[in-house]
Amino acid sequence: MAECLHCASLINIVFSWTIEDLINQNLFKHQVPKIPMTFLSTNGYMNSFIPALIEETHSDLSSSLMSVAQASFCEIRTMETSKHFAPPNNLFYNITLQNTIDEVNGLGKYEPEVGDLIAFTNIRPKSIDDLSRIKSYCHIAYVYEPKNEFTDEIPIILSKYMEMHSKFDDSRNKAQKFYAVYLINMTTNVRIWNALVEGPRANIIKKVLQPYSMKEENCQTCLSGEIVIGPHVRVQNIIKAQNLNKSQEDAILSCVSMTKCQHKDPTKLIWGPPGTGKTKTVALMLFCLLKLKITTVTCAPTNTAVLAVASRLHSIAKDSLEHGSYGLGDIVLFGNEKRMKLDSYKGLGEVFLNNRVKDLLRCFAPMTGWESCLESMIKLLKNPEQQYSLYKNNNKNVKEHDKDVMSLEEFVKGNDSHVSHAYFNYKRRCKYRSVMTLEQFVKKRYDYIVEQYDVYKDDKKLSVGMSMENYLRQRFCIIGGRLKSFMKTLYTHLPTCFLHIKLVLKMFRAIELLKSLEVSLSQSKPKQAFHNCEDGKVIFAWFGWLSLEKEEFIDTLCFLSKAIMLPKVTTKYGLSQFCLKNARLIFCTASSSCKLKTEEMKLVQFLVIDEAAQLKECESAIPLQLPGLERCILIGDERQLPAMVKSKIADRAEFGRSLFERLVLLGYKKHMLSVQYRMHQSISLFPSKEFYDDQLSDANIVTEESYNKLFLEGNMYGSYSFINISKGKEQCNHDYSLKNMIEAAAISEIIRSLKKEYLRTRRKVSIGIISPYKAQVYEIQEKVKKYMVSDPHFCVNVRSVDGFQGGEEDIIIMSTVRSNGSGKVGFLSNRQRTNVAITRARYCLWIVGNASTLINNDSVWRKVVLDAKERNCFHNADEDKKLNQVIEDALFEFEVLEESSSSFNKLRISDKSETTTLRISDKSETTTFSSKPLKLWMNKE
Numbered sequence: 001m002a003e004c005l006h007c008a009s010l011i012n013i014v015f016s017w018t019i020e021d022l023i024n025q026n027l028f029k030h031q032v033p034k035i036p037m038t039f040l041s042t043n044g045y046m047n048s049f050i051p052a053l054i055e056e057t058h059s060d061l062s063s064s065l066m067s068v069a070q071a072s073f074c075e076i077r078t079m080e081t082s083k084h085f086a087p088p089n090n091l092f093y094n095i096t097l098q099n100t101i102d103e104v105n106g107l108g109k110y111e112p113e114v115g116d117l118i119a120f121t122n123i124r125p126k127s128i129d130d131l132s133r134i135k136s137y138c139h140i141a142y143v144y145e146p147k148n149e150f151t152d153e154i155p156i157i158l159s160k161y162m163e164m165h166s167k168f169d170d171s172r173n174k175a176q177k178f179y180a181v182y183l184i185n186m187t188t189n190v191r192i193w194n195a196l197v198e199g200p201r202a203n204i205i206k207k208v209l210q211p212y213s214m215k216e217e218n219c220q221t222c223l224s225g226e227i228v229i230g231p232h233v234r235v236q237n238i239i240k241a242q243n244l245n246k247s248q249e250d251a252i253l254s255c256v257s258m259t260k261c262q263h264k265d266p267t268k269l270i271w272g273p274p275g276t277g278k279t280k281t282v283a284l285m286l287f288c289l290l291k292l293k294i295t296t297v298t299c300a301p302t303n304t305a306v307l308a309v310a311s312r313l314h315s316i317a318k319d320s321l322e323h324g325s326y327g328l329g330d331i332v333l334f335g336n337e338k339r340m341k342l343d344s345y346k347g348l349g350e351v352f353l354n355n356r357v358k359d360l361l362r363c364f365a366p367m368t369g370w371e372s373c374l375e376s377m378i379k380l381l382k383n384p385e386q387q388y389s390l391y392k393n394n395n396k397n398v399k400e401h402d403k404d405v406m407s408l409e410e411f412v413k414g415n416d417s418h419v420s421h422a423y424f425n426y427k428r429r430c431k432y433r434s435v436m437t438l439e440q441f442v443k444k445r446y447d448y449i450v451e452q453y454d455v456y457k458d459d460k461k462l463s464v465g466m467s468m469e470n471y472l473r474q475r476f477c478i479i480g481g482r483l484k485s486f487m488k489t490l491y492t493h494l495p496t497c498f499l500h501i502k503l504v505l506k507m508f509r510a511i512e513l514l515k516s517l518e519v520s521l522s523q524s525k526p527k528q529a530f531h532n533c534e535d536g537k538v539i540f541a542w543f544g545w546l547s548l549e550k551e552e553f554i555d556t557l558c559f560l561s562k563a564i565m566l567p568k569v570t571t572k573y574g575l576s577q578f579c580l581k582n583a584r585l586i587f588c589t590a591s592s593s594c595k596l597k598t599e600e601m602k603l604v605q606f607l608v609i610d611e612a613a614q615l616k617e618c619e620s621a622i623p624l625q626l627p628g629l630e631r632c633i634l635i636g637d638e639r640q641l642p643a644m645v646k647s648k649i650a651d652r653a654e655f656g657r658s659l660f661e662r663l664v665l666l667g668y669k670k671h672m673l674s675v676q677y678r679m680h681q682s683i684s685l686f687p688s689k690e691f692y693d694d695q696l697s698d699a700n701i702v703t704e705e706s707y708n709k710l711f712l713e714g715n716m717y718g719s720y721s722f723i724n725i726s727k728g729k730e731q732c733n734h735d736y737s738l739k740n741m742i743e744a745a746a747i748s749e750i751i752r753s754l755k756k757e758y759l760r761t762r763r764k765v766s767i768g769i770i771s772p773y774k775a776q777v778y779e780i781q782e783k784v785k786k787y788m789v790s791d792p793h794f795c796v797n798v799r800s801v802d803g804f805q806g807g808e809e810d811i812i813i814m815s816t817v818r819s820n821g822s823g824k825v826g827f828l829s830n831r832q833r834t835n836v837a838i839t840r841a842r843y844c845l846w847i848v849g850n851a852s853t854l855i856n857n858d859s860v861w862r863k864v865v866l867d868a869k870e871r872n873c874f875h876n877a878d879e880d881k882k883l884n885q886v887i888e889d890a891l892f893e894f895e896v897l898e899e900s901s902s903s904f905n906k907l908r909i910s911d912k913s914e915t916t917t918l919r920i921s922d923k924s925e926t927t928t929f930s931s932k933p934l935k936l937w938m939n940k941e
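With the first letter of the sequence shown counted as 1, position 785 gets the number 785 in UniProt numbering; the numbers rise by one all the way through.
Among the clues, some could well be false.
Stated by the list, open to error - Here are the simulated lysine to aspartate or glutamate pairs, EDC-like style, with alpha carbons at most 16 Å apart:
| no. | residue 1 | residue 2 |
| --- | --- | --- |
| 1 | Lys-147 | Glu-111 |
| 2 | Lys-502 | Glu-322 |
| 3 | Lys-427 | Glu-149 |
| 4 | Lys-502 | Asp-555 |
| 5 | Lys-764 | Asp-791 |
| 6 | Lys-379 | Glu-551 |
| 7 | Lys-382 | Asp-555 |
| 8 | Lys-427 | Glu-439 |
| 9 | Lys-755 | Glu-713 |
| 10 | Lys-756 | Glu-713 |
| 11 | Lys-727 | Glu-879 |
| 12 | Lys-240 | Asp-250 |
| 13 | Lys-597 | Glu-198 |
| 14 | Lys-83 | Glu-145 |
| 15 | Lys-882 | Glu-757 |
| 16 | Lys-774 | Asp-802 |
| 17 | Lys-34 | Asp-651 |
| 18 | Lys-727 | Glu-888 |
| 19 | Lys-709 | Glu-757 |
| 20 | Lys-29 | Glu-654 |
| 21 | Lys-260 | Glu-630 |
| 22 | Lys-581 | Glu-600 |
| 23 | Lys-648 | Asp-60 |
| 24 | Lys-484 | Asp-359 |
| 25 | Lys-280 | Glu-249 |
| 26 | Lys-727 | Asp-889 |
| 27 | Lys-177 | Glu-75 |
| 28 | Lys-29 | Asp-651 |
| 29 | Lys-484 | Glu-512 |
| 30 | Lys-572 | Asp-359 |
| 31 | Lys-595 | Glu-198 |
To be verified - Simulated restraints on C-beta separations:
| no. | residue 1 | residue 2 | range |
| --- | --- | --- | --- |
| 32 | Gln-25 | Lys-756 | 44 to 50 Å |
| 33 | His-734 | Gln-440 | 46 to 52 Å |
| 34 | Asn-90 | Ser-420 | 27 to 33 Å |
| 35 | Cys-477 | Glu-599 | 44 to 50 Å |
| 36 | Gly-324 | Lys-358 | 18 to 24 Å |
| 37 | Cys-558 | Thr-42 | 53 to 59 Å |
| 38 | Glu-322 | Asn-245 | 24 to 30 Å |
| 39 | Asn-245 | Asn-820 | 40 to 46 Å |
| 40 | Asn-733 | Ser-697 | 39 to 45 Å |
Because the hints were derived from the structure by calculation, they are not lab data.
Here a beta-carbon is modelled for each residue, glycine too, at the ideal position from N, C-alpha and C.
Please take these sequences and the hints and turn them into a complete structure.
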């Protein structure tokens, strides 16, 4: 009890587990209490999640070890202690990887990333038994920092001390080989742990946990209508222009009213059933907050969810901009670039932090950036003769000219001391490989420096011996082109609080003048102009400009030069912090929002969590601790799937429950989006009645005749249909997941018919095939993979129910799989999973299953079947002759396989003692060793 576990980390707890602990799935079976509904303190609330978090981490790691044979791995080249190394606890090392690639074994394809937990072994494990046999050479390691971009070293912390000199010999023939085997990524769990053990920084968590107050409904600010005064009138005009329904308008206005209203409850819940325009509503609400200059962080459980709402907001904002792309600098999206796949979202690159930093680095460069370019243009326009004289003096002969061009090394030293210092450190630490030259080093890691150097060389290497008119023409084109590019970068990426609209208008005027000059260049006759003009006025006579226009252009450039004072920041990190600090609207995942908890960040006023019902409650603690947070808006639907929990023990403790669901249970009022725009009215009828108490209504668009799209002939293939396959056979595969070959064959025939009809009509169609069982998903994928070829007009996606949450297709075919005489349906009976599955379709929903099995179980599926019968949407598969024949053929194939399998098993009779291995471990020892940290947390209160 004296030991304070707040000083320990989740990583230390994981390091305390032995191999036996890890494979014991019941290690914490009786030590994870159910997370309560009420708490005496915020500390009690935060600590209540710790046991389940530890168990979930244990379960995830245990599962990965069981499939270690399929894990990614790589060979370690070098390993040495880091400067932070301080045994016995702080076992920090740096490793580098072999560059060789073994295509057969996949060696070299894996590179450890931050948060990865890896098995550090001297063999390539083929099973969990391999790790058990090599205890002395099996360590667990955690990657705590990204790969060093200068030395290629990956910082790790090991679970046990390891003497390195005897393991990694310079002569590779004698050295012991070691491998890093990927297990799991712990980034999110570590961030949750840190949020829980640090304790609440803001009072909002305490406020959120209080039962709903009626004070909101009696708030005098709301009742007086004060929310429509001043800037809120503009908000109402924005809303009216978007053609929203009343439930969407009310939801947005109730959230916007929080900016003026100071009633007790700081949280709003927006309830978004399937197809109700949730993303559009959230995006428009964010746009209103942006216009009101409310600093808002928007997050979601996954990158996909974040990108969906960010893309919609970007589209709305882009359409509203009055001055080019000015204003986008107030919007920032950040995250893992590799995982986000931005190419699938048009335009989001304009607000993505990495792209923004890269573009601004070019502008901020001291020698080739905005300020240098602006100064060069002003000199060229004011003193053309002087600039030409400098050019001639620098180009007396080619050799002297070459000497005047700095080398890349000289350029780097004069332009960015940070890069020079990084290269020095790189050479000092590069012990086991050849050293790159500075040019190679810069090209590999600082592409923006190379671009700046190329610009510099272009300036210096103008053609030798040019006449004055040609020099001025070429010089003006180069500088003018860069100036226009820099101006667009500045008004696109700088936040509006840093760049006033008056400056932007000056930029636009300068760009107009530059374009006018370009036209003059293309139309002028330089020789005649130069011949008739005085030297000092030659450039302006050449362009055919009047004195008034000349003065305006120079004055504009001089004004911009003095008015725009760029921050003295030339590093990627510094610019990232600058962009985040000054943004009004920030998008990221809930987990990565922890990066906003810096001293440089200004206070966040609003937090918006999209897909909040899919976010574990403990994970929401990460963004809820943002400094200065005043208001929180949660958008979700607790009647769809919750967050994924791998551990059954943690699931029973309700570890997957969301904050959204908790607040609903505490009595918080939900603002429901009540009009659905996705499903044909015959599809939406059952879910509206069963899951939404008949509160979900159909939009006009889904009730119109044009929404009756039939893709195959026959009543069986109408808008809504239950197709009964009474001869289905459920099977259990090696992963203990279920499949039904008969249903898979029937679905394959339906897809074949759809493809044939598509080839005849060339009518675009998207098809989704859903099953709750992963074995069935794989079985169907194998059956229909020939139809899943790349064709943008005939798309077939086969996924689990969980994989389809948030998605929609023209046609949805669902395989229920279960087919038995006892009416067992297992986790198919989950109401949330059923709701998701049957609300993905736009025009047609065809449910394939054994009606007898489903109706004999007292679950939601009994209601599905009875509803289909009552509405004459129930059909037996034998109504379609081709479909019936395919089912008979599949049934025959199934019986043949079953008979062959049975005969084979009879031939395999052997002594069980020789074929069965029983693993026995001292449970008392492993439980005592591993459960100590967990007991401490449980008894802490």
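Comparing the hints with the structure gives:
{"no.": "1", "hint": "Lys-147 <-> Glu-111", "verdict": "9 Å, holds"}
{"no.": "2", "hint": "Lys-502 <-> Glu-322", "verdict": "13 Å, holds"}
{"no.": "3", "hint": "Lys-427 <-> Glu-149", "verdict": "13 Å, holds"}
{"no.": "4", "hint": "Lys-502 <-> Asp-555", "verdict": "15 Å, holds"}
{"no.": "5", "hint": "Lys-764 <-> Asp-791", "verdict": "10 Å, holds"}
{"no.": "6", "hint": "Lys-379 <-> Glu-551", "verdict": "14 Å, holds"}
{"no.": "7", "hint": "Lys-382 <-> Asp-555", "verdict": "11 Å, holds"}
{"no.": "8", "hint": "Lys-427 <-> Glu-439", "verdict": "13 Å, holds"}
{"no.": "9", "hint": "Lys-755 <-> Glu-713", "verdict": "13 Å, holds"}
{"no.": "10", "hint": "Lys-756 <-> Glu-713", "verdict": "12 Å, holds"}
{"no.": "11", "hint": "Lys-727 <-> Glu-879", "verdict": "14 Å, holds"}
{"no.": "12", "hint": "Lys-240 <-> Asp-250", "verdict": "12 Å, holds"}
{"no.": "13", "hint": "Lys-597 <-> Glu-198", "verdict": "12 Å, holds"}
{"no.": "14", "hint": "Lys-83 <-> Glu-145", "verdict": "14 Å, holds"}
{"no.": "15", "hint": "Lys-882 <-> Glu-757", "verdict": "15 Å, holds"}
{"no.": "16", "hint": "Lys-774 <-> Asp-802", "verdict": "10 Å, holds"}
{"no.": "17", "hint": "Lys-34 <-> Asp-651", "verdict": "9 Å, holds"}
{"no.": "18", "hint": "Lys-727 <-> Glu-888", "verdict": "9 Å, holds"}
{"no.": "19", "hint": "Lys-709 <-> Glu-757", "verdict": "13 Å, holds"}
{"no.": "20", "hint": "Lys-29 <-> Glu-654", "verdict": "14 Å, holds"}
{"no.": "21", "hint": "Lys-260 <-> Glu-630", "verdict": "12 Å, holds"}
{"no.": "22", "hint": "Lys-581 <-> Glu-600", "verdict": "7 Å, holds"}
{"no.": "23", "hint": "Lys-648 <-> Asp-60", "verdict": "11 Å, holds"}
{"no.": "24", "hint": "Lys-484 <-> Asp-359", "verdict": "13 Å, holds"}
{"no.": "25", "hint": "Lys-280 <-> Glu-249", "verdict": "11 Å, holds"}
{"no.": "26", "hint": "Lys-727 <-> Asp-889", "verdict": "11 Å, holds"}
{"no.": "27", "hint": "Lys-177 <-> Glu-75", "verdict": "7 Å, holds"}
{"no.": "28", "hint": "Lys-29 <-> Asp-651", "verdict": "12 Å, holds"}
{"no.": "29", "hint": "Lys-484 <-> Glu-512", "verdict": "10 Å, holds"}
{"no.": "30", "hint": "Lys-572 <-> Asp-359", "verdict": "11 Å, holds"}
{"no.": "31", "hint": "Lys-595 <-> Glu-198", "verdict": "15 Å, holds"}
{"no.": "32", "hint": "Gln-25 <-> Lys-756: 44 to 50 Å", "verdict": "48 Å, holds"}
{"no.": "33", "hint": "His-734 <-> Gln-440: 46 to 52 Å", "verdict": "50 Å, holds"}
{"no.": "34", "hint": "Asn-90 <-> Ser-420: 27 to 33 Å", "verdict": "31 Å, holds"}
{"no.": "35", "hint": "Cys-477 <-> Glu-599: 44 to 50 Å", "verdict": "45 Å, holds"}
{"no.": "36", "hint": "Gly-324 <-> Lys-358: 18 to 24 Å", "verdict": "20 Å, holds"}
{"no.": "37", "hint": "Cys-558 <-> Thr-42: 53 to 59 Å", "verdict": "57 Å, holds"}
{"no.": "38", "hint": "Glu-322 <-> Asn-245: 24 to 30 Å", "verdict": "28 Å, holds"}
{"no.": "39", "hint": "Asn-245 <-> Asn-820: 40 to 46 Å", "verdict": "44 Å, holds"}
{"no.": "40", "hint": "Asn-733 <-> Ser-697: 39 to 45 Å", "verdict": "42 Å, holds"}
Every hint from the earlier list agrees with this structure, and none is contradicted.
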